[in-house]
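Could you put the whole structure together from the sequences, leaning on the hints where they help?
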Amino acid sequence: MPKTSAPRKPRILLLSAYDAGSHRRWREQLVLSQPEFEWHVLSLSPRFFRWRIRGNALTWLNEPLLKESWDLLLVTSMVDLASIRGFHPNLAATPALLYMHENQFAYPASDAQHNSIDPQMVNLYSAIAAEAVLFNSDWNRRSFLDGIEKLFRRLPDGIPEGTLERIAAKSRVLPVPIDDHVLLNEAGRRNPEVGERLWGNGIESWPCSSPLRIVWAARWEYDKGPDRLIAILQELDRRAVNFQVCILGESFRKVPEAMMTIQQQFAHRLVQFGYASSRTEYYEWLESADVILSTALHEFQGLAVLEAVAAGCVPIVPEREVYPELFAPEYLYPDCGDDIPDEAVHAAALIESQAVESHRDRLMVPDVKRFSRRALKPIYKALLSGAIAGNA
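Number 392 marks the last residue of the sequence shown (the UniProt record's numbering); no jumps.
Possibly wrong hints are sitting among the right ones.
Stated by the list, open to error - Capping the alpha-carbon separation at 35 Å, the derived lysine-lysine pairs in DSBU-like fashion look like this:
1) 170 / 369
2) 9 / 67
3) 170 / 377
4) 150 / 9
Said to hold, decoys possible - Pair ranges (Cβ atoms, derived):
5) 118 / 239: 31 to 37 Å
6) 261 / 121: 49 to 55 Å
7) 335 / 67: 45 to 51 Å
8) 239 / 261: 37 to 43 Å
9) 151 / 92: 54 to 60 Å
10) 9 / 239: 39 to 45 Å
11) 87 / 43: 16 to 22 Å
12) 340 / 162: 16 to 22 Å
13) 382 / 28: 19 to 25 Å
Keep in mind the hints are simulated off the structure, nothing from the lab. Glycine included, each C-beta is placed from N, C-alpha and C at the ideal position.
Written out as structure tokens, the structure is:
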């Protein structure tokens, strides 16, 4: 009998214009988890932010892959989709999905890097040009739509009627998955009922008097609240809580002064201070901790916190941004605005409750399996297939 050729896989071109850590992990996991599609990726390094978001379509002007035919374009929030389609008319009719890791309307106004309207307009034009807009959280979606509405009120004229409503109608929430490795790996998880820490096939005793280990995993930048972190640590010291601190996250050329103060003032508490050398080491630090603390001023999904919770940490997070949609109220400390000392008192009290000897008084680790790659894989597959079929 004549051989039958295998059916052609749908071809997807994925564009990541600012391939920072969470963007890169998202696209790598997506490609690995969706072998039914033929993937091709174009990415740009995460530096020169304002040039990347405004100039990516120009950078890719002569890119051969953009001259080819595709079944679907999947682009991240930094990509100038409107210009990509304008520069490459062959892509004008190709269905496109826009994945919003973040939106430029919700960045703190004091950050000089984001005080131009250009990044917001790139987000807006791309959302208009895409067949569907995907957000990693409902907070991200709501703040984006609220930002567009406020922008439209500021503009003098020429706003097409129904634009905001059309963007809202084609928007949906689809989180970045947690790596199944950290979710399913039981090595290093504490068994609070018997006070033991499991390491592979061995058991290490965990006396109740051992220090509470707090992990803080975020970029070392002002919007992640390092000044709030130091205030909380100082309040824990004042309360004589027995604790250790593991500071993870990526640092940059300009390190916030608060981080240097923490390194000096809490040297006796620190078990780690700096970027983990590998993803494996990073997960090991998460698995060794009791509490994941966030002090973020803005957080679009809180992926690092979700990973830590998957690894067995109890979240202690502010009652702002994405966190109220992720965790029940008992895991949240009040958002006190500019009153950092008051916020630190509330956060420290919640952390202190995790250091008590009675297990009944401590919070349990919440279930985050709904964010796992295993749980989200079929949802991503259905969405991609639907977009290719014209049902985005």
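These are the hints, each one checked on the structure:
no., hint, result
1, 170 / 369, "holds, 26 Å"
2, 9 / 67, "holds, 19 Å"
3, 170 / 377, "holds, 21 Å"
4, 150 / 9, "violated, 43 Å"
5, 118 / 239: 31 to 37 Å, "violated, 46 Å"
6, 261 / 121: 49 to 55 Å, "violated, 38 Å"
7, 335 / 67: 45 to 51 Å, "holds, 49 Å"
8, 239 / 261: 37 to 43 Å, "violated, 19 Å"
9, 151 / 92: 54 to 60 Å, "violated, 26 Å"
10, 9 / 239: 39 to 45 Å, "violated, 58 Å"
11, 87 / 43: 16 to 22 Å, "holds, 18 Å"
12, 340 / 162: 16 to 22 Å, "violated, 43 Å"
13, 382 / 28: 19 to 25 Å, "holds, 21 Å"
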